[in-house]
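Take these sequences, add in the hints, and give me the full structure.
2 protein chains.
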Amino acid sequence: MPRMRPSPPLRMLLAAALLCIAPLLRAEPKTVASVDSPGKVLQVALQLDDGKPSYRVQRLGDTVIGESRLGFQLRDGRLDRDLAVLAQAMRSVDETWEQPWGERRYVRNHYNELRVELGERSGLRRRFTVVFRVYDDGLGFRYSFPQQAGLREAIIDEELTEFDIVPEATAWWIPAGEPIHSEYLYRQTPLNQVALAHTPITLRSRDGLHIALHEAALVDYAGMWLRRGDGQRLHAQLSPSAQGWKVKRSLPFDTPWRTVQIADHAGGLVDSNLILNLNEPNALGDVRWVHPAKYVGVWWSMHLNQETWATGPKHGATTANTRRYIDFAAAHGFRGVLVEGWNPGWNGEWFGNGGGFDFTRPTPDFDIEALSAYAAKRGVHLIGHHETGCAVQHYEDQLDAALELYARLGVDTFKTGYVCDDGQVDRRNAAGGPLWREWHDGQFMAQHHLKVVRAAAARHLSVNAHEPIKDTGLRRTYPNWLSREGARGMEYNAWGQPPNPPEHEVNLVFTRMLAGPMDYTPGILSLKGRDGQPIPSTLARQLALYVAIYSPIQMAADLPEHYLQHRDAFRFIEDVAVDWDDSRVLDGEVGDYVTIVRKDRHSRDWYLGSITDEHGRVLPVSLSFLEPGVRYRAEIYRDGDAANYRSNPFDFVREQREVGSGDDLQLKLAPGGGQAIRFTPVDAAAAAGGNSAARR
Amino acid sequence: MPRMRPSPPLRMLLAAALLCIAPLLRAEPKTVASVDSPGKVLQVALQLDDGKPSYRVQRLGDTVIGESRLGFQLRDGRLDRDLAVLAQAMRSVDETWEQPWGERRYVRNHYNELRVELGERSGLRRRFTVVFRVYDDGLGFRYSFPQQAGLREAIIDEELTEFDIVPEATAWWIPAGEPIHSEYLYRQTPLNQVALAHTPITLRSRDGLHIALHEAALVDYAGMWLRRGDGQRLHAQLSPSAQGWKVKRSLPFDTPWRTVQIADHAGGLVDSNLILNLNEPNALGDVRWVHPAKYVGVWWSMHLNQETWATGPKHGATTANTRRYIDFAAAHGFRGVLVEGWNPGWNGEWFGNGGGFDFTRPTPDFDIEALSAYAAKRGVHLIGHHETGCAVQHYEDQLDAALELYARLGVDTFKTGYVCDDGQVDRRNAAGGPLWREWHDGQFMAQHHLKVVRAAAARHLSVNAHEPIKDTGLRRTYPNWLSREGARGMEYNAWGQPPNPPEHEVNLVFTRMLAGPMDYTPGILSLKGRDGQPIPSTLARQLALYVAIYSPIQMAADLPEHYLQHRDAFRFIEDVAVDWDDSRVLDGEVGDYVTIVRKDRHSRDWYLGSITDEHGRVLPVSLSFLEPGVRYRAEIYRDGDAANYRSNPFDFVREQREVGSGDDLQLKLAPGGGQAIRFTPVDAAAAAGGNSAARR
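Keeping their order, the protein sequence lines are chains A and B.
Each residue of the first sequence is one higher than the one before, counting from 1 in the working numbering.
Each residue of the second sequence is one higher than the one before, counting from 1 in the working numbering.
Hints listed in this document are in silico derivations from the structure and should not be mistaken for laboratory results.
None of the values given here were measured: they were computed from a predicted structure.
Be careful, since some hints might not be right.
Claimed, not checked - Incomplete in silico selection of chain A near chain B, CB under 10 Å: (1) L60; (2) S624; (3) A670.
For glycine and all other residues, C-beta sits at the position ideal for the given N, C-alpha and C.
Below is the structure:
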């Protein structure tokens, strides 16, 4: 139905009439400045209502975010009223930059920027600038605090930013402020039933508009949670600190960017480069020492209870066992071998109690010197592991020595871990007093993670953080921050109650993955967890995860002996690339299914991954992403006709077809199923003798 | 969340236990036979529960239609119980047939068929066969009554077919049994709030499954409405007749097919050929005398109140005025000129009171002989018009003479009309007694429409029925049944309160258009209705409708003088084809937006049409449908950056680009907007001197 509304002159008359009758009614907020996106898709307006700043966002004439407040609760008084415009400026940027590794090689950064400086009209006369960068597929805005006399240090008790979502929407979200941080199954509820949520939070309106709220460049600040107020209005709620305040900064400083992605398709959120574009450029220079790669490791066996992190009769991280993994990695083209439980401190209750960990020497049954030398001889690299048990200051105390050890041994990538007993890490008071408890997303941990990443970069080491702070695109600035966890991963399929239902991995693509890479550790071809618990997945789906869930380091997480039992399927894991020239979502709906294609950065091959929820699907896909005029051999790894994740997960077909860019395929996915395809140009395939081309 | 359920042995034990405790509980229905679709996507089972037949439909392991009853309420007793299987048979068919005209030239018909003959075990021992044809994208089933001793004539008081939709769904539907038949705006409600609905009715489950219910081959039977019972269970309710019964047939006979289309995407419903495949092949032989074409006519001027159907000072159908339209058609490549109001009977209250219409002679100011000769000389054909005012028997009485007139004059296409005052047509009792009132979808009108179509075919004339019976794909059998109305058309934009909101045309694509072509009469470039009422559309959208809403005859419905005021946009209407080699929905969501591409049957050109609802959209589309290796000139007719159907509908851009099959486009649609594109191979474009190629 068309919306009928009075024409502008009539509206003005009405407003005038109301003012005459009721002069004390508050005036309409006054638009101070506004800015369009380059293609005039989005329009952002900054308003002042009697000195109180707010903003709103329109898309192609529809209001997406209604009048939403801006400002701060500072220790020395609210900074969100009595403000006037001191200055404003606009600029346009259209540049293309290159990623050292990533979902795509070239990223276009095309936005219009509006900067409005606001200052208090009385009192302390504090001031800050609101900076909006508006793209066709979303926007970011942040607060920039210049040096000023009335505010030498900002103690932020709360940020007062709001997001009043106008179209009635469904939300996919996980709760914030809970004990196991971000490791929850996604909830699908009306937006007006959200309580306190992590970001990214993904919304779909009744009319098919997709919106995701998150942040970019979280540096020396507290992570933003979103608390719902009235209706669909979301309020920033900064992650707490043990200090009472949320953030403490000396001026000048910038806050992280608050981001709003907006697209007509679910896939439009995933294909957006907004978060990366809002981060600072590479600060590390030449990073050819960062290695996207696949890896195996001593890991799943512990989650199965077949081996232990702790020393003893079932210890996993022994010299002999690690040598077996190195041999397997060398034979099958994996660069890395992760070994957990290699160092002292695992015996006893280490969860949230990591004060006993020693990161500078191995356990006696793990000959790290010999193993790293043996690995190097076979073209393989050990991957280090630093589980902190949330004793963060204890870890920082050993950090330099620990990293020196790895640098000396050629262990050029390491995994960190922050498993707490109640969701908060331990921080020693600077004066050596009592322990303080800090949240994973608070300012302290934002500082800690970058401290580790910078210390690693100084030694040409790369980091893969588990139980981490949320990803806000800092891999652009620090390309050695390769990957992280930050969601319910594969280990829940070993022992979780329930294990991850099929929709979880689809939900990840449209929520968690908007933030950045995730080390999900796929590829459990045995499809069994601890004590034989069935994993809710078909066999083909485990392969599709390597394309669907992006990470520049991908684990083949199952036991070597299980891979040898499923050689036909394992071949895809051997072949699949991890670093990409380009990536595109072909099709997908939040929580239902997704199909993604990616082009290998080091060959002409393309890879496709498609996964569904608990329902089977028949998805037509056009192969137009292939190079026109080139014939490709498609190696198809699909669900068998009778496959079903509940009753028949191993029904699986590997088959080949010759295809071109003009062809269409019908992907038939079983309930809980998936499909993976490798496309190789026929000439390249012939040159490789019909066998796998370059493996890494 | 994975559904936990007891393993089969446990379930059997539970069932046995319940039977022991409560032996009178009814037994589970017994599956008599089942059949898979060729690709094992759908599975249909026929069940008998103590002699009562039912069926259910599963898709890739999920139940889509739960146990749903089959049978009839016959005048001589219910025929839905005490039944046993007499015989059953299966077969597979995979054939490809050619359409003389249509959305695509070749249609694949690939199904597995199950036939089960059921007979009463006592009493009259009546019997019938249920026939299921199961495709990967849907199914049809019908009842087939053989000759038999216990039933010589079937008087059907109701058909007892049910559709118990299992997944929780949203429905798009229009009410049935209402005064203006099918000319309603679509309602979007939870399926469990549907009352009595027309078909096609379109459903979308929470998990993204799209389902449409309709029927195919409605011949000598009453149209099926759907009445909701408990929950999401829909019951067939046959359109009534004035006789008291719903259908009366002598045996043998077949009912129409009850159809269920099922797809993972909204577009999958539109791309399906199910309805056509379930109709009988072409019964008319060589139909090169049927002419898909574009036309103009004396029509919109009457809806604007600028001219009248009735004779008098403002009479539209005059010799001079028609000559003006013929000249315009000849100059701009239109084959047809429709003239309404050409015959006696329009003066006075003719709505539902058409007894005064004379179909065999023109009004004195309309020289039909001279005009048809003049048209022929200019390569143009008059299009005839038979408004019955619902005096159907009165029309049938003149039918032969009326068609003879057209055949003699070369008027080879005619439009019929059935405008009633209360939703029912008039039928004279066979004995000449009182008038009976019949519904548009009842058995009488099913007979009447085919009587007109067959009489037309005998004279090589083609039919375009307005206020018609619903389309069930009979154009396959009778290709001279070119098009029809059967939904709220463009004239509501002249005088409707409200006019058609933008979502209406999107809804049409995913509901009404599943049945077959619609003569929507697009192209009102003036964007104004009666007394200047704004039409809820941008300019570019009016062009996109020619591709989005399929009909083999398409009107350029606006006044000639308006087209000359918008020459840039009008050029697309001149160029666009009406008969297609192929058609594909690239993208779309019910009620939100749709993008369709079609390939011209008489050139290498492709056309794209995209329309949205009241929201603006940015839609990426891949041009992979284009021939690989060929460069195309894309003539783009799009909304201007400031376009908005409410405030700025005329903001419009026509621009050209060179593109190939490897390119992507971003379609930016304004609120209430659209986009139309013609793709011409560059060599062909050059050969045509950069100007329009073959027009028709």
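If you check each hint against the structure, which ones fail? none
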